[in-house]
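Novice: Sequence:
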Amino acid sequence: MPYLPDLQGLVSLTPYLTYNCLMNKTVSIVVTVVLVVSIGIVFLGASKSKNYTATDGVAKNVEIKDGIQYITINAKAGYSPRMSTAKAGIPTKLIVRTNGTYDCSASLVIRSLGFQKILAQTGEEVIDLGTPQVGQPLQGLCGMGMYNFRVNFES
45 MPYLPDLQGL VSLTPYLTYN CLMNKTVSIV VTVVLVVSIG IVFLGASKSK
95 NYTATDGVAK NVEIKDGIQY ITINAKAGYS PRMSTAKAGI PTKLIVRTNG
145 TYDCSASLVI RSLGFQKILA QTGEEVIDLG TPQVGQPLQG LCGMGMYNFR
195 VNFES
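Residues in the sequence shown are numbered from 45 upward in steps of one, following the numbering used here.
Treat the hints as calculated values from the structure; they're not laboratory data.
Each residue gets a CB set at the ideal place from its N, CA and C atoms; glycine is no exception.
With a straight-line cut-off of 27 Å between C-alpha atoms, the simulated DSS-like cross-links for lysine-lysine are:
id	residue 1	residue 2
1	Lys120	Lys131
2	Lys137	Lys120
3	Lys161	Lys131
4	Lys104	Lys161
5	Lys161	Lys120
6	Lys137	Lys109
7	Lys131	Lys109
8	Lys161	Lys137
9	Lys104	Lys120
10	Lys120	Lys109
11	Lys104	Lys137
12	Lys131	Lys104
Computed beta-carbon distance windows for the label pairs:
id	residue 1	residue 2	range
13	Pro135	Ile162	21 to 29 Å
14	Arg155	Asn68	46 to 54 Å
15	Lys104	Asn68	47 to 55 Å
16	Val86	Ser156	29 to 37 Å
Hey, can you work out the whole structure from these sequences and the hints?
Specialist: Following this line, the structure appears as structure tokens:
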């Protein structure tokens, strides 16, 4: 007669296996809920950040000294302000300031100028923009394309 294994051992495992399945399901549900709530907080928190307008940019980061226009952009966890408005037809320099910048905003790319450089973690980079004209905005990006800023030139 063929050997039949003792099934009594399997029967005694059934409550243990059922308990583990329920625990795995519960843990999966809890992890999913925590993940969804965390993602929601990140996106809702990001949407409450201040959006800079053109007048904010002019008031805070554009000045003219001795016939040269200086536009200052801060680079750390992105670029600030993201949108600026400056005067066209004036020799212009862009000052990019870093202060303990260890993210990709330290890798600055300005395609229209052929400019690409890893900025110092703390310091200033002065970039000569020449004399910008109306309708020729300046767009700067981080090396990964995650962060950007734009300067519009008006008369």
